[in-house]
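Asks: Required output: the full structure, derived from the provided sequences and hints.
There are 2 protein chains.
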Amino acid sequence: MNASEYLAAKGKEVNEEIEKIIPKTPEEVYGIIWDYLNRGGKRLRPAISMLSCDAVGGDSRKTLPIAAAIELFHLYTLLHDDIEDNSDMRRGKPTAHRIYGIPMAINAGDGLFPLVFKATLRLEMPPEKIVGAQKILSDAFGVVLEGQGIELNWYKENRFDINEKDYFEMVSGKTGALIGACCNVGAFLGGGNEKQRKSLREFGEKIGIAFQIQDDILNIIGEEKKYGKEIGGDISEGKRTLMVIYALKKATKEDKERLIQILSERTKDQGKINEAIGILKKYNSHEYARKHAEKLINDAKEKLKTLPKNEASERLLELADFFIKREV
Amino acid sequence: MNASEYLAAKGKEVNEEIEKIIPKTPEEVYGIIWDYLNRGGKRLRPAISMLSCDAVGGDSRKTLPIAAAIELFHLYTLLHDDIEDNSDMRRGKPTAHRIYGIPMAINAGDGLFPLVFKATLRLEMPPEKIVGAQKILSDAFGVVLEGQGIELNWYKENRFDINEKDYFEMVSGKTGALIGACCNVGAFLGGGNEKQRKSLREFGEKIGIAFQIQDDILNIIGEEKKYGKEIGGDISEGKRTLMVIYALKKATKEDKERLIQILSERTKDQGKINEAIGILKKYNSHEYARKHAEKLINDAKEKLKTLPKNEASERLLELADFFIKREV
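Those sequence lines, one after another, are chains D and P. So for the first sequence, the numbering used here puts the first residue at 1; every next one is plus one. So for the second sequence, the numbering used here puts the first residue at 1; every next one is plus one.
Incorrect hints may appear among the rest.
Pairs count within a copy or across copies, as identical chains cannot be separated in the list.
[Stated by the list, open to error] Restricting the straight-line Cα-Cα distance to at most 30 Å, the calculated cross-link-like pairs of lysine-lysine (DSSO-like) are:
#  : residue 1 : residue 2
1  : 165       : 24
2  : 24        : 198
3  : 305       : 268
4  : 249       : 295
5  : 325       : 272
6  : 325       : 281
7  : 62        : 165
8  : 156       : 24
9  : 256       : 281
10 : 24        : 268
11 : 93        : 156
12 : 20        : 156
13 : 129       : 93
14 : 165       : 198
15 : 156       : 281
Honestly, the hints are just simulated from the structure, not real lab data.
Replies: Below is the structure:
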């Protein structure tokens with residue numbers, strides 16, 4: 001089984017658990033959640049969490065409710081991020097707020113919040129384990145939303161003075177923390193020791209950041225059909241990606257001003273979007289970002305050297321590579 | 001101590017607990033939460049939860065984290081409801097999304113979600129008690145958001161064929177369930193038996209619905225300075241209150257059509273708002289709603305007869321009356 005096949009198999013297990021958690025009615029809330037759920041998604045975070053459990057010698061099948069809780073939280077962020085970023089498409093279809101309006105899309109996202117709680121309570125382990133897992137997850141959920149808040153404020157204040165340090169702080173929160181917590185909570189439930197949990201958490205944080213960088217690269221140079229979102233959507237959103245930060249540092253005064261202008265406009269004009277992509281490519285920003293992502297993956301893999309060699313730890317290494325080789 | 005003084009004293013305790021839970025930074029998330037927190041609020045729900053604990057012979061000081069969790073969830077719904085309802089004012093000041101924009105206001109609300117989780121984990125009781133309390137709360141949180149979703153859909157589809165049964169189903173979820181859960185979880189943590197918990201839950205559900213009806217009445221006939229929201233704001237929001245449903249049933253064809261027209265317009269025109277309020281008053285809708293609220297309070301008080309007579313149970317009876325006598 002290659003990484004994609006493995007993810008598909010794991011995803012099926014996770015979906016079955018999630019389907020036990022989301023009610024059918026009222027449709028006014030759960031219909032919207034089912035819609036997003038059924039659009040697919042790789043269920044990467046649950047898979048990583050379960051592998052981390054197995055990697056330290058645990059039995060990940062027992063941790064399915066936590067894997068489901070993580071994916072439900074992820075769905076929650078997708079529903080709200082799409083509104084916050086004014087995105088038109090998600091996984092090849094119109095975003096929830098485009099279909100159902102902003103009020104109902106906010107509320108549907110909120111409807112996932114109690115379900116995340118409830119998912120954790122399905123864990124058939126001693127209550128100490130449940131609250132331990134909740135502690136890890138709720139800490140990470142907080143950090144994710146903090147990262148998101150910092151990024152949203154950049155847009156609100158139309159800031160372009162973001163440097164790489166600012167960027168990495170933000171993305172460590174927004175994307176790194178959750179994947180780090182996936183690993184940590186999996187290892188915790190699997191009975192891993194402190195050192196193993198720390199190594200896995202750091203592994204997760206690094207591959208999480210690399211995942212985000214790769215996502216941003218695909219948004220600029222990917223194929224829309226595979227990618228499922230608008231290519232160049234990040235330009236419309238004015239997103240301060242690592243590529244943008246690099247290009248703004250390297251570009252001529254003229255290119256810099258033009259890039260800032262287009263990003264500030266929140267334009268859906270394809271000509272302008274292509275122009276901005278052209279500027280990013282002119283300075284090889286995507287190559288720069290790719291190298292960064294590769295370095296993160298290598299550092300991440302280094303962290304796993306202390307783990308026992310087994311099928312699960314090998315699979316985690318493979319997934320790390322998949323994170324930056326994927327085209328979807 | 002009268003009901004207001006009692007609530008002020010309890011509110012202080014709850015605030016101290018909440019202040020330990022909400023971080024100071026990043027301001028991009030927590031600044032918005034602190035803003036809403038510091039606007040005041042009666043902390044009714046925490047007070048009711050703690051009284052329910054004491055009423056069954058528990059020590060409510062030990063349940064402060066749960067009381068705080070409930071208030072944090074309530075704050076969460078306020079932040080998002082204000083966006084969903086397109087409200088301009090909250091507790092005498094502009095709503096969060098008017099100040100910080102919709103994206104940051106959504107995200108700040110979301111920032112409360114992990115804090116609710118974390119608040120429950122502060123409970124210094126055996127983990128079985130923590131997960132027991134979480135189960136009660138997460139069930140109620142779900143029902144609240146379901147009620148909200150149903151109501152939002154009425155607006156979205158501009159439905160005016162809502163009858164009293166529909167209305168009470170919606171409001172039982174949106175407002176009744178949380179206050180019912182306040183009582184239930186307080187009694188659970190205080191060691192109350194099944195019968196006591198059920199009585200208290202039903203008490204809470206009924207006073208919760210009465211509270212909402214009173215809130216809707218104040219929105220129409222209250223004083224803006226005391227009330228802290230725009231008088232007639234519910235007209236702008238097109239809200240299907242018990243008063244509206246009653247008036248639509250009783251009104252002449254002409255009045256009915258006019259009321260529907262104004263409610264559909266989502267108008268901020270004070271002349272039209274006053275006209276709609278005039279139609280509601282013409283049919284004594286506010287008196288009809290008040291009688292409903294009074295009956296609910298009487299039924300609720302009846303439920304408490306099975307409880308031991310003590311200071312806390314007396315206080316609950318007093319609060320029930322306060323719910324419909326308040327002007328703020």
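Asks: Determine for every hint whether it applies to the structure shown.
Replies: Hint check:
For the identical chains of this complex, residue 165 and residue 24 are inter-copy neighbours only, at 21 Å across copies versus 44 Å inside a copy, given an alpha-carbon limit of 30 Å. With identical chains, the CA atoms of residue 24 and residue 198 are at most 30 Å apart between copies only, with a shortest distance of 26 Å across copies and 39 Å within one. Within a single copy, residue 305 and residue 268 get their C-alpha atoms no closer than 46 Å, and across copies no closer than 64 Å, so neither meets the 30 Å cut-off. Taking the closest pair of Cα atoms, residue 249 and residue 295 come within 30 Å of each other only inside a single copy of the chain (21 Å); across copies the shortest separation is 69 Å, beyond that limit.
In this assembly of identical chains, the alpha carbons of residue 325 and residue 272 lie at most 30 Å apart only when taken from the same copy (28 Å versus 60 Å across copies). Taking the shortest Cα distances, residue 325 and residue 281 sit within 30 Å of each other inside one copy (19 Å), while across copies they are farther apart (67 Å). In the homo-oligomer, the alpha carbons of residue 62 and residue 165 never lie at most 30 Å apart, since the shortest distance is 39 Å inside one protomer and 43 Å across protomers. Within a single copy, residue 156 and residue 24 get their C-alpha atoms only as close as 37 Å, which misses the 30 Å cut-off; across copies the closest is 20 Å, which meets it.
For a Cα distance limit of 30 Å, the shortest separation of residue 256 from residue 281 inside one copy, 13 Å, qualifies, whereas the shortest one across copies, 62 Å, does not. For a Cα distance limit of 30 Å, the shortest separation of residue 24 from residue 268 qualifies neither inside one copy, at 36 Å, nor across copies, at 37 Å. For the identical chains of this complex, residue 93 and residue 156 are neighbours both inside a copy (27 Å) and across copies (21 Å), given an alpha-carbon limit of 30 Å. Taking the shortest alpha-carbon separations for residue 20 and residue 156, only the inter-copy value of 29 Å comes in at or below 30 Å, while the best intra-copy value is 39 Å.
Within a single copy, residue 129 and residue 93 get their C-alpha atoms no closer than 39 Å, and across copies no closer than 43 Å, so neither meets the 30 Å cut-off. When the C-alpha separation of residue 165 and residue 198 is checked against a cutoff of 30 Å, the pair qualifies only within one copy, where the shortest distance is 23 Å, while the shortest distance between copies is 54 Å. Taking the closest pair of Cα atoms, residue 156 and residue 281 come within 30 Å of each other only inside a single copy of the chain (26 Å); across copies the shortest separation is 43 Å, beyond that limit.
The structure shown violates the earlier hints numbered 3, 7, 10, 13.
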